[in-house]
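Residue numbers (the working numbering): 1 to 248.
Just so you know, the hints here were simulated from the structure itself, not pulled from any lab data.
Take the hints with a grain of salt, since some may be wrong.
Derived BS3-like pairs: lysine-lysine, alpha-carbon spacing no greater than 27 angstroms straight-line [stated by the list, open to error]:
1. K62 - K142
2. K76 - K14
3. K127 - K219
4. K62 - K127
5. K219 - K142
6. K142 - K100
7. K28 - K14
8. K142 - K243
9. K227 - K243
10. K194 - K218
11. K243 - K127
12. K14 - K194
13. K227 - K210
14. K219 - K194
15. K127 - K142
16. K62 - K28
17. K194 - K210
18. K28 - K100
19. K100 - K210
20. K100 - K243
Computed beta-carbon distance windows for the label pairs [claimed, not checked]:
21. T3 - D238: 25 to 31 angstroms
22. K210 - D84: 16 to 22 angstroms
23. K76 - E182: 46 to 52 angstroms
24. D73 - G145: 30 to 36 angstroms
Computed from a prediction, not measured in an experiment: that's the story for all the values here.
Backbone N, C-alpha and C fix where the C-beta goes; we use that ideal spot for every residue, glycine too.
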Amino acid sequence: MLTDTEGIVLRQIKTSYGRRMILLFSRKYGKINAGTSIGEKGRSRSSLALRPFTYGRYELFKNRDSYNINSADVIKSYYGIGEDVDKYMSGAYVLEFTEKVLPEESPYPAVFRLLTDFFEMLETRNKGIGTLVLAYQTNILKIMGVMPQIDCCAVCGQARPAVKFSIEEGGILCEDCARNIENSQSHTLIYDVKFGIVDILRFFISNPLKNLENLALKKDAGSLLQKIIREYAAYYLDASDLKSETLI
Numbered sequence: 001m002l003t004d005t006e007g008i009v010l011r012q013i014k015t016s017y018g019r020r021m022i023l024l025f026s027r028k029y030g031k032i033n034a035g036t037s038i039g040e041k042g043r044s045r046s047s048l049a050l051r052p053f054t055y056g057r058y059e060l061f062k063n064r065d066s067y068n069i070n071s072a073d074v075i076k077s078y079y080g081i082g083e084d085v086d087k088y089m090s091g092a093y094v095l096e097f098t099e100k101v102l103p104e105e106s107p108y109p110a111v112f113r114l115l116t117d118f119f120e121m122l123e124t125r126n127k128g129i130g131t132l133v134l135a136y137q138t139n140i141l142k143i144m145g146v147m148p149q150i151d152c153c154a155v156c157g158q159a160r161p162a163v164k165f166s167i168e169e170g171g172i173l174c175e176d177c178a179r180n181i182e183n184s185q186s187h188t189l190i191y192d193v194k195f196g197i198v199d200i201l202r203f204f205i206s207n208p209l210k211n212l213e214n215l216a217l218k219k220d221a222g223s224l225l226q227k228i229i230r231e232y233a234a235y236y237l238d239a240s241d242l243k244s245e246t247l248i
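Just need the whole structure built from these sequences, with the hints factored in.
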């Protein structure tokens with residue numbers, strides 16, 4: 001049957017006879033693989049809509065086992081991202097991260113909205129690009145239902161001051177629980193709670209990305225939070241071994 005959907009290209013692979021396989025994050029069907037014979041070169045609306053950082057509308061032929069993109073049209077091209085190396089690398093990382101955490105053919109409208117908001121912010125942002133990426137990833141954790149416990153100790157459940165963050169326990173630890181865990185076993189995925197990272201995480205999930213327009217984390221806080229979020233996403237969402245991870 002013929003159908004249409006809005007979508008964002010996550011990745012494309014060239015195949016034989018001029019065809020390509022497009023990994024499309026569609027609003028209607030979620031993450032899907034779709035073949036297409038639309039030419040890569042040229043400036044037609046269809047070819048432009050298959051390029052990175054483009055939000056488009058796609059006509060699909062859908063049968064029981066596969067999808068084919070018959071035509072495509074650009075809704076919004078975030079061409080400014082490709083004109084800046086730092087923005088391009090961060091955008092490529094976010095696309096790969098999103099691809100990794102999304103299941104096949106499961107619509108995630110909240111993730112779709114978050115990704116388009118991220119592109120809007122990234123294109124015009126002049127500083128704090130890393131902060132924007134961390135905020136995006138934190139909100140992905142929330143949407144996917146694996147947000148770490150940051151309101152109370154992840155072990156005892158008491159609202160005590162946090163001294164550690166444990167990947168394996170899924171959130172912050174109070175002093176007593178942190179001591180017990182560190183004394184009882186070899187535990188490598190524990191980090192000190194410092195630089196206000198708990199408040200930063202709380203702010204990220206309580207505000208839309210547009211509220212972060214003028215927020216840029218200091219280097220120490222950003223580096224620690226980046227390490228924690230990457231380890232956490234790898235542990236709970238299997239988002240590890242990303243090729244673009246070393247680029248940002």
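Going through the hints against the structure:
As the CA atoms of K62 and K142 are separated by approximately 31 angstroms, the hinted pair breaks the 27 angstroms bound. The suggested pairing of K76 with K14 holds, with an alpha-carbon distance near 24 angstroms, which does not exceed 27 angstroms. Distance hint between K127 and K219 is fulfilled; the C-alpha atoms sit about 13 angstroms from each other, no more than 27 angstroms. Using a Cα cut-off of 27 angstroms, the hinted pair K62 and K127 is violated, with the two alpha carbons roughly 42 angstroms apart.
At most 27 angstroms may separate the alpha-carbon atoms for a hinted pair to count; K219 and K142 meet this at roughly 24 angstroms. Taking the CA atoms of K142 and K100, the gap is about 16 angstroms. The hint holds against a cut of 27 angstroms. About 25 angstroms separates the Cα atoms of K28 and K14, which keeps this hinted pair within 27 angstroms; it holds. The suggested pairing of K142 with K243 holds, with an alpha-carbon distance near 24 angstroms, which does not exceed 27 angstroms.
The hinted pair formed by K227 and K243 meets the criterion: a straight-line CA distance of about 16 angstroms does not exceed 27 angstroms. Restraint check for K194 and K218: the C-alpha separation of about 12 angstroms stays at or below 27 angstroms, so the hint holds. Between the alpha carbons of K243 and K127 the distance comes to roughly 24 angstroms, so the proposed pair stays at or under 27 angstroms and holds. Simply put, K14 and K194 have alpha-carbon atoms about 46 angstroms apart, too far for the 27 angstroms limit, and the pair is violated.
Distance check on the hinted pair: K227 and K210 sit about 24 angstroms apart at the alpha-carbon level, within 27 angstroms; holds. Our distance criterion of 27 angstroms between C-alpha atoms is met by K219 and K194, whose separation comes to about 13 angstroms. Between K127 and K142 the alpha-carbon distance is near 25 angstroms, which keeps this suggested pair within the 27 angstroms criterion. With a C-alpha separation of about 12 angstroms, the suggested pairing of K62 with K28 holds against the 27 angstroms cut-off.
Taking the CA atoms of K194 and K210, the gap is near 26 angstroms; set against the 27 angstroms cutoff, the hint holds. As the CA atoms of K28 and K100 are separated by approximately 19 angstroms, the hinted pair is consistent with the 27 angstroms bound. With a CA separation close to 24 angstroms, the supplied pair K100 and K210 stays within the 27 angstroms bound. Only pairs whose Cα atoms come within 27 angstroms are accepted, and K100 paired with K243 is accepted, the gap being roughly 11 angstroms.
For the pair T3 and D238, the supplied restraint of 25 to 31 angstroms holds, since their beta-carbon distance comes to about 30 angstroms. Taking 16 to 22 angstroms as the suggested C-beta distance range, the pair K210 and D84 conforms, at roughly 20 angstroms. Distance hint check: the CB atoms of K76 and E182 are about 49 angstroms apart, consistent with the given range 46 to 52 angstroms. Between D73 and G145 the beta carbons are some 34 angstroms apart, a value that agrees with the proposed interval 30 to 36 angstroms.
Hints 1, 4, 12 from the list above are not met by this structure, while the remaining hints are.
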